[in-house]
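S.K.: Spelled out, the chains give:
Protein chains: 2
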Amino acid sequence: MKHNNLKAMGMEKGQLYETIISSMSTNGRKNAAPIGVLCKSEEEVVVYLYQGSHTHKNISNSDYFVVNLTTNPLLLTECTLGDFPADYFYEFKGNPVLKENDAFFISRVIKKKELVHKNELGSSPMTVVTAKVEEIVKNKKVIRPLNRGIYAVIESLIHFSRLEIGDAKNRENLYHKIKEMDRVVRRVGSASEKKALQEIMDAIHEKYNNLDEKK
Amino acid sequence: MKHNNLKAMGMEKGQLYETIISSMSTNGRKNAAPIGVLCKSEEEVVVYLYQGSHTHKNISNSDYFVVNLTTNPLLLTECTLGDFPADYFYEFKGNPVLKENDAFFISRVIKKKELVHKNELGSSPMTVVTAKVEEIVKNKKVIRPLNRGIYAVIESLIHFSRLEIGDAKNRENLYHKIKEMDRVVRRVGSASEKKALQEIMDAIHEKYNNLDEKK
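Residue numbers (the UniProt record's numbering), protein chains in the order written: chain A, 1 to 215; chain B, 1 to 215.
Treat the hints with care, since some could be wrong.
It does not matter which identical chain is meant; a pair holds if it fits inside one copy or across any two.
Stated by the list, open to error - Listed next, the in silico SDA-like pairs over lysine to any residue satisfying Cα-Cα at most 25 angstroms (straight line):
id, residue 1, residue 2
1, LYS194, LEU81
2, LYS195, GLY36
3, LYS195, ASN31
4, LYS195, GLU78
5, LYS118, LYS169
6, LYS179, GLY82
7, LYS132, ASP63
8, LYS7, ASP102
9, LYS57, SER161
10, LYS13, LYS141
11, LYS113, ARG183
12, LYS57, GLU164
13, LYS140, ALA8
14, LYS195, GLY14
15, LYS141, GLY36
16, LYS111, THR130
17, LYS194, SER25
18, LYS7, LYS140
19, LYS179, ASN72
20, LYS194, GLY82
21, LYS7, LEU146
22, LYS112, THR130
23, LYS93, ARG186
24, LYS207, ASP83
25, LYS195, LEU211
26, LYS140, ASN5
27, LYS118, ARG162
These aren't lab readings, by the way, just hints derived from the structure by calculation.
Isolated chain A, as found in the complex (with noise of 0.2 angstroms):
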């Protein structure tokens, strides 16, 4: 059966998860990257993609490309530490596949738009791209999608259980992190992942109300 439904990997709405996009150049040379990819609905995705990268080349060229899930942390950290060979690549209907994926959907771009993003440490051209899901092809029964934000949480309560202990530089500093969290939360988790980060903050300004004022 040819799926083409991202619920078919858990993937839901509104979340971005985190994967490893591989694309393919004009002559043929495959190329992936770890890169985050936000589910916007059951059949579409939305990549930002830096301009100069070479899957930003390779979609401009071919508008196609493929997100591989795996949680396999080996393959996750060589992906972002250097290039795969060629020999960790297979081709399905003439698109570069990982060989060693927990499962892998191939996506046609049917929109883009140029931005600029920035951030404290400057700012970057990039291009977002919607793509629509043509195919899925899973290779385990069950599909574990990465998604950030249900360990933002964690990490959030683990924090806020250290809050009471040391002093109040401690306690400024695991403030920080859980601040960092909840900008995680925003950006990639669910609605009831955001409502606990809302509900840790609350308690936080509750328990402590000058944490605001102080660097």
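Place chain B on chain A using the hints.
M.R.: For chain B alone, kept in the frame of chain A given last:
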């Protein structure tokens, strides 16, 4: 069928999972607390309990406790921020179980050891409890026990990919965060997650040779 094998819930030997432990006082008062559970073997777990906590007191009295598995962020949050009301529980063969969970197992204490846990913020007397899994009940077909290992790897990779942006101070800050994730993985993660962190650390030390010298 009566299970007592932790593999049935995807729990692996040597890994630590985020759970909610429920227990009951001698006068029947039910308590729940978020506690990490180490999977010691397929039928044994180990938990570290702060002496003075409700869980510690209850387990000292009854020698029984319940490990509840959930991925519900609001349940985990409520449990950390305050006490659950009595109607969150029901009794299963005399044990207090959370109504809303994905799975649970009844554990019977078989060994106790006292120790003093020391860290930078002080020292706390703890009891290390080893328990036998007596019975597992699954309320969902697929259980996803929460282990922080793969997320510590992902956080580290995100920090790693930002090492080249910004100044030396930013780099030290990110390196400090990766070292924290390395400690998490060593404590809770799998062999391949530990190896992934080692590869990330090696890559950092190869690229930047003076990070450990600075404060």
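S.K.: Each hint: holds or not?
M.R.: Tested hints:
no., hint, result
1, LYS194 / LEU81, "between (31 angstroms within a copy, 16 angstroms between copies)"
2, LYS195 / GLY36, "both (22 angstroms within a copy, 23 angstroms between copies)"
3, LYS195 / ASN31, "between (38 angstroms within a copy, 24 angstroms between copies)"
4, LYS195 / GLU78, "between (35 angstroms within a copy, 11 angstroms between copies)"
5, LYS118 / LYS169, "between (30 angstroms within a copy, 19 angstroms between copies)"
6, LYS179 / GLY82, "between (31 angstroms within a copy, 21 angstroms between copies)"
7, LYS132 / ASP63, "within (11 angstroms within a copy, 55 angstroms between copies)"
8, LYS7 / ASP102, "both (15 angstroms within a copy, 20 angstroms between copies)"
9, LYS57 / SER161, "between (46 angstroms within a copy, 19 angstroms between copies)"
10, LYS13 / LYS141, "both (21 angstroms within a copy, 22 angstroms between copies)"
11, LYS113 / ARG183, "within (24 angstroms within a copy, 40 angstroms between copies)"
12, LYS57 / GLU164, "between (50 angstroms within a copy, 21 angstroms between copies)"
13, LYS140 / ALA8, "both (12 angstroms within a copy, 17 angstroms between copies)"
14, LYS195 / GLY14, "within (15 angstroms within a copy, 32 angstroms between copies)"
15, LYS141 / GLY36, "within (23 angstroms within a copy, 28 angstroms between copies)"
16, LYS111 / THR130, "within (5 angstroms within a copy, 56 angstroms between copies)"
17, LYS194 / SER25, "neither (39 angstroms within a copy, 34 angstroms between copies)"
18, LYS7 / LYS140, "both (15 angstroms within a copy, 17 angstroms between copies)"
19, LYS179 / ASN72, "between (29 angstroms within a copy, 20 angstroms between copies)"
20, LYS194 / GLY82, "between (34 angstroms within a copy, 19 angstroms between copies)"
21, LYS7 / LEU146, "both (14 angstroms within a copy, 21 angstroms between copies)"
22, LYS112 / THR130, "within (6 angstroms within a copy, 56 angstroms between copies)"
23, LYS93 / ARG186, "neither (36 angstroms within a copy, 41 angstroms between copies)"
24, LYS207 / ASP83, "between (48 angstroms within a copy, 16 angstroms between copies)"
25, LYS195 / LEU211, "within (21 angstroms within a copy, 38 angstroms between copies)"
26, LYS140 / ASN5, "both (16 angstroms within a copy, 22 angstroms between copies)"
27, LYS118 / ARG162, "between (33 angstroms within a copy, 14 angstroms between copies)"
Hint check: violations occur at hints 17 and 23; the rest are consistent with the structure.
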